[in-house]
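Asks: Generate coordinates for the entire structure from the input sequences, incorporating the hints supplied.
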Amino acid sequence: MICRRLAALAVILLPAIASAQTVKLALTGPFTGGSAPMGGSFRDGAKIAVAEINAAGGIQVGPVKMKIEPIERDDEAKNERGALIAQELASMSDLAGVIGSVNTGVVMAGDKHFQEKGITKIICPAAGSKSMTQWLDPKVPDLSIFRFAAHDGIQSAMVVEEAINRKFKKVMVFFDSTNYGVSGRDDMLDQIKKQGNKLEIVAQEKFNIGDKDMTAQLLKGKSAGAEAVLIWGIGPELAAVSNGMAKIGMKVPLIGGWTLSMSNYIDNAGKNGNGTLMPQTFIEEPITPKAKAFIDAYHKAYSVARIASPVSAAQGYDAVYIFAAAVKQAGTTDSRKIKLALEDLKEPVPGVITTWVKPYAKWDPNNVESHEAFRREQVVMGMVKDGAVVFGNDADRQRLKKAAAGTKGR
Amino acid sequence: MLRRLVLTRGPELAVLGFLAAIPLFVTNPYALGLLTLLAIYGILLIGLDVTVGYLGQVNLSHVAFLGLGAYAAGLVVVRLHGGFTFSLAAATLVGLVFGGLLAFPALRLEGPQFALATLSFATLTATALNELEALTGGAQGLSILRPPFLGHPLSASGFFWLCLALFALVWMAMRNLLASQWGRAFEALRDSPIATDAMGVGTYRHKVAAFALGSALGGLAGGLYALNFLYLQPQSYSYDLMVILLLGVVLGGRMSLWGAFLGACLVVLLPNLLSNRLLFQVFSGLGLLLAAYSGTRGLVKKTTRPFQALAPVVAMGLLVVGGLKVQNTEDWRKAIFALMLFSVVVGLPEGVMGFAAKALSKLFHLEPPALPPAASLDEVLPARASDGSSLLRLIDLKQYFGGVKAVDGVSMNVVSGAIHGLIGPNGSGKSTLVNVVSGLYTPTSGEMTLRGRLLPTGSLMRVAGFGVARTFQNLQIFSGLSALDNVMVALRGAYRTPMPLVLLGAARGEERKAQADALALLELTGLGVDARTPAKDLTYGSQRLLEIARALARRPELLILDEPAAGLAHPDVMRLVEIIRRIASRGVTMILIEHHMDVVSELCTTVTVLDGGRVIAEGTPDEVKRHPKVIEAYLGQAPAAGAAAEA
Amino acid sequence: MTAAVLAQVVVSGALMGLVYALVAYGFQLTYATSKSINFGQGELVMVSAFVSLSLVNAGLPYGLVLPAGMLFGALLGLFVERAGVRLALEQKSEGWILMTIILGLFFLSAAENVWGRDDRPFPTPISSDPIHLLGVDITPLEISVAVGVFAVMGLVELFKRVTLLGKAFEAVSADRDAAELMGISARRAIMLSYGLSGMVAALAGILVSPITTVGPTMSSTLILKAFSVAVVAGLDSGFGVVVVGILLGALEAVTSLTVGSGWREAPGLVLLILALAVRPTGVFGKATIRKV
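Residue numbers (this note's numbering), protein chains in the order written: chain L, 1 to 410; chain U, 1001 to 1647; chain B, 2001 to 2292.
To be clear, the hints were calculated from the coordinates, so they are not data collected in a lab. Note that CB positions come from ideal geometry on N, CA and C, so glycine has one too. Hints may be right or wrong, so weigh each one.
Said to hold, decoys possible - Which stretches of chain B does chain U cover? Using the computed rule of at least three CB atoms under 8 angstroms from a CB of chain U, they are:
#1 2083-2094
#2 2103-2112
#3 2226-2234
#4 2258-2272
Said to hold, decoys possible - The calculated SDA-like cross-link candidates involving lysine to any residue, where the alpha carbons are at most 25 angstroms apart (straight line), are:
#5 L/Lys271 x B/Leu2055
#6 L/Lys385 x B/Ser2128
#7 B/Lys2035 x U/Arg1305
#8 L/Lys117 x U/Asn1028
Replies: What follows is the structure in structure tokens.
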């Protein structure tokens, strides 16, 4: 018994016994389980940035250069684990900040501990709206939580916009039964209303994680004459949807959240996935030198030919750079000061997605965008084509090229 | 006495005190979070142990009760603006009610079917929580604000102390319950559900109550869980978590409060263990040593099979090698669980605590508390006046199994106060007849009355309630219980304290009384000196006598002895005859099924002979012995009547 | 809701139901001889499918992958019997329930780490382009599943009736003690049943993978349904599983069409609990007599 207790205490105390000459940055996310492709890609992308910064000697913090010490924690996509990890991290006295979380539920269960202790946390790549909107409350005048992801609000607006631009009238709304899917449905319904009710929802259907046969739901949409399927979900079930559509001869496009760019969709849908559209913050296409360098570094470091979730990886990479810039500007590893610096970043931060100029502002309890980095213009429409994601609209591609060629981001 | 108190209660108080003191010194919220979770999981696992340990069934629905409890508490707070106590009470109640609802159908099942039914319930619950969006908020989850406790907002350490206090309360209540008739009944129904029913204890009733109680604890843990995490999502209560909970109970040790506590420690600390390489290697190394030690010991003492000794060593060896080779142990989390569980289930079936308890009981030998003096037999088994009237009457009783006519129209009359013999060759329908009368089978047709009242059919329980007790030809003793407990389980009318009061420890007085009564019956059957001996360690003859003592504890009007002398040596048979006489002298009517004709001749006044499911003769032993049909039935055409009697 | 839509849904559901039936049949095989079932059967399906996928990727032709995968499944089944079931059966305990859950957990974790957590497509020479049949779209792939299910169940049943080994198997199923008295080794028959059961599971994996893709969690939902089918049909009822499987598959599809897709699994589960409560031995199962 005593032995166990001592061990427990050792576990609790161990992280505290380490040198103070580093910037401790926690990276959290599901590195195992169903969401692992996103969590893993995020972590790996972030660690490339960490390695680059450390190779250059570290971050200039006041008079000294300090290296980043990443602390990895696997939340297993479980809320309970997430809450415990948040408690653990929040109780570390010398933690500079946290970047991570894929699952909105984990964010909901854990972030209150960071907010309580004033620890700076950048949510990345979890996109569910509620993660940030939960703080829209006059009782929260100050917030230490930021997001670095194209949140579902932007994404759903783009999805609806795309459907309208393509002159569709009747659509089917299809979503998975998880937090992510249901909240995506709400966002899409909201956007359809906001954009003038130009789309008629002829069917609204749901699927469960692990479902392989989507025939019943799709047939409802097909028989109601849906011209497009607006979809929100995670993982391989999306592929089952595409394959099911092919089976019943439902030849309409699938438009949905960024998860449609993940390898487990693209591979499993095969040729049935062609033409699927989704908002993207990063496309694994070396159109700029910076993007090329990042993609090559990633492929080399983890010996893969393709990133499981390029969006997560690129966002993780850029988030670390933005965080590093804030540490440098603050001149300290004090998490509260880093928060203040993040809210007022003086210098632009060149990233792989774009060059970030003042991504955040002082928290405004009425406007969630004050702590959201992404705006509509950093996001493009991607399209699946023969096993890869390419630009859905060529105009986006030209725009990004031009932006990288010299003119400032925005 | 003091030594006894220190040894039995000391460790509990020390651990609880230690846990309660931690927040005074450690302010780290993470450590506090883990401790709170430890207390919550402690309650949860004690609840799970009720089914997995005491009922011996693999229960896969416990997470569902955690979830239901959590949502009940959460919804009370969010929708009804209820307070702390109200939400916890609601959580417990929901666990109790749903547990009871599931238990009614599920506990008619055993083994794999039960596991499956509970698994289905868990899946169904997750679906319902997810789909009832209007009520639960569905997949988007439910955010809760912790209500104040009795008007005061609780700090983190305050909440921990509350959880710990509840854990201690649950611990005490469970201990009281297990030390009562309930604990004995759990043990009994695992050993022999049929005998449990035949002794009027009620297997099904106890199972349902136990399951509901365990589920209520699951609900309570769920309520605390909700108030701790303050954010709920249906998918938290998954099969994954269920497997981890099972891991906790099995690894810690089934049927042990300490085991549940140890299991909770393990469940809470395992993720930390896995994220620290060094610690993991140390622990897996210790595991390997333990496996090797217990394996070698088992082999040397020849108590285990080679597989049982070797497999855990291989599994733990894999764990050690894996710990050295694998980059990220967290990726292999499930495999690590599996290897640990495998080793424990195969190598230490009683869990770590069961293993430790054996070692500890050798170190600190404790005499059980002294028994009270035996009660007077007149009080326990008051002599009945036998008036010679008809007690049991069977009219044209038939029992068919498909085309087999096991009992085919038997009519019989047993007179009050008599010892009525029932004989017949093998396969003549004696046992079937007894099984019909005692309620194991529902007769195909016919009528049975006891003192003119219609005897219930098809329920051992209800027939037992009518005042019929029986023994079994194939022994059905409760082998894990002591001789005394075997009798105490069956004592009729001795336990009147309702369960809630038992939980509070109000049943101690009636326990002493029951001990005294049971001891009197053991002395009647000559087993007084063996009162504390586990029934499985008694000699075969004593086990037969124990069954009689146990049946007498029912204070029966009619006692059915199903071949009590089968397999007994001659001196034991003499002892048995003497004991049956003593019982008869107290006015208990008996039906005696026997093959030993001399026993029958000596004891019985009337004998009924069965063959082919029909009565072929009835009369005094001497009349029957000379009856030509009887001779034919036993020996075909054999001439000598005396030889037939020895068959 | 037109009749055509309903017909399509029922046919698709029924075809999935056949896969439930095949896995359920694997449960019956082991239950017959040993009164035990492998709670980790789903992981057997999954690991066998992954191994077959590796063989396909290694360039083995489909015609060889099928027997090789089934052989692997049989070996895995034998392993489960040795490591997880035999000891418990010898001790006459129900420890095998927990043991097979544990082994399944180990296989799951091993597969996650060896093959990765992502779902992967399973290439097959059989076309997945739908053909229109009596107003219903159906793919040759789905037809192959149906053919495979019936073929293997037919072959195993034939094996049990015609060969000596098969008859020994039947004898142990009917009355284990009597069979042992006749010199038939119950242990061998149980091993055989686990081998066959593993083989059937592997076939289920290979058949269903091209439709559902291969991934560590591919059979986590499949298995509960197969359980339901096996138990509702009765664990000793042979072809009863086919009827119940088809019905359950169709019922699920109709439920998700009419009630809502989130509730898809609910009727099956309610049915299961009710069926167990009313008739614990299953709709097609035999009742047993208690003896003392």
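Asks: Please write out, lowest number first, the hints stated earlier that are contradicted by the structure.
Replies: none
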